[in-house]
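Trainee: Full structure from sequences and hints, please.
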Amino acid sequence: MVARNTDGKLIRRPLSPHLQVYRWPLSMALSISHRVTGVGLSIGTLLLTWWLVAAATSDEAFNHIQWFLGSIIGLILLFFWSVALIFHFCTGIRHLVWDMVVGFEKPEYTASGWATIIATVILTVVVWVVGLATW
Amino acid sequence: MSDTRNPPHVDMLRSPLGRARGLGSAHAGAAHWWGLRLTSLALVPLTVWFVWNVIRLSGASREDVAIWLGSPMVLALMLALIITTFHHMASGLQIVIEDYVHHENTKLAGVLLIKALCVIMALACIVSVLRVGL
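Read top to bottom, the protein sequences are chains A and B. The first sequence finishes on residue 440 if you use my numbering, and the numbering steps up by one all the way, no holes. The second sequence finishes on residue 171 if you use my numbering, and the numbering steps up by one all the way, no holes.
Partial chain B-side listing against chain A, Cβ under 8 Å, derived:
#1 ARG74
#2 VAL88
#3 ARG99
Among the chain A residues that face chain B by a calculated CB cut under 8 Å, a handful are:
#4 ARG340
#5 LEU357
#6 ALA360
#7 ASP364
#8 LEU390
#9 GLY397
#10 LEU401
#11 VAL432
#12 TRP440
Since the hints were derived computationally from the structure, they do not count as laboratory data. Note that beta-carbon positions come from the ideal geometry of N, C-alpha and C, so glycine has one too.
Mentor: Right under this line is the structure:
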């Protein structure tokens with residue numbers, strides 16, 4: 306960053322260290338992932354909108370999206386959608402707990418961080434086992 | 038007699054007018070923050086309900102969807118889910134844009150675009166579920 310010193314001379318000041326400099330602690334990775342999954346889920350609402358609009362439009366339009374969702378690409382999209390949704394759901398609850406000024410000590414937020422990861426894995430497996438079993 | 042050298046201690050950095058208005062440096066108050074929390078709280082049960090229904094509807098025909106949305110309770114919950122989801126999405130994406138876009142005009146354009154898209158998509162979803170369900 307270019308700035309002036311006390312004599313008014315232009316000098317190049319050092320920038321503060323940014324994301325790529327730090328080792329990634331769990332809380333930082335989870336915080337960024339919460340945002341990334343939020344943006345991803347926003348894109349995923351296009352799929353929801355398409356599905357509902359198709360259901361209101363015609364048999365042909367609805368069969369088209371049902372075929373797409375059942376295809377390999379559709380299932381992969383649904384898988385990532387479910388992981389993002391469950392993860393964002395778990396970290397979102399963690400944020401709501403924080404809003405009550407609970408769990409800000411380092412051992413607490415590390416434990417709740419791992420808990421969200423474990424819960425995401427377990428819930429994703431449960432959703433897909435039940436989903437594929439009842440398909 | 039008031040002591041001019043030791044005026045009464047003020048705990049608050051804000052002016053009395055600032056306190057009365059309830060607005061911080063963003064000039065918008067806490068409504069946006071609070072709205073995001075309220076919608077996330079509402080989305081906790083709604084999301085569980087929705088995922089359960091998506092599983093039930095896997096491979097469903099259009100008639101199945103019509104029967105499903107024909108239930109007034111399902112229709113009401115779907116409307117609640119749609120409104121809450123797109124409200125939450127608009128608020129969340131607004132924060133992301135405000136944090137990473139630093140050019141004032143681009144930021145404003147981005148936020149307005151996001152809000153417009155969210156409103157259009159929410160309306161498309163609402164009209165669709167009403168058309169199928171009613």
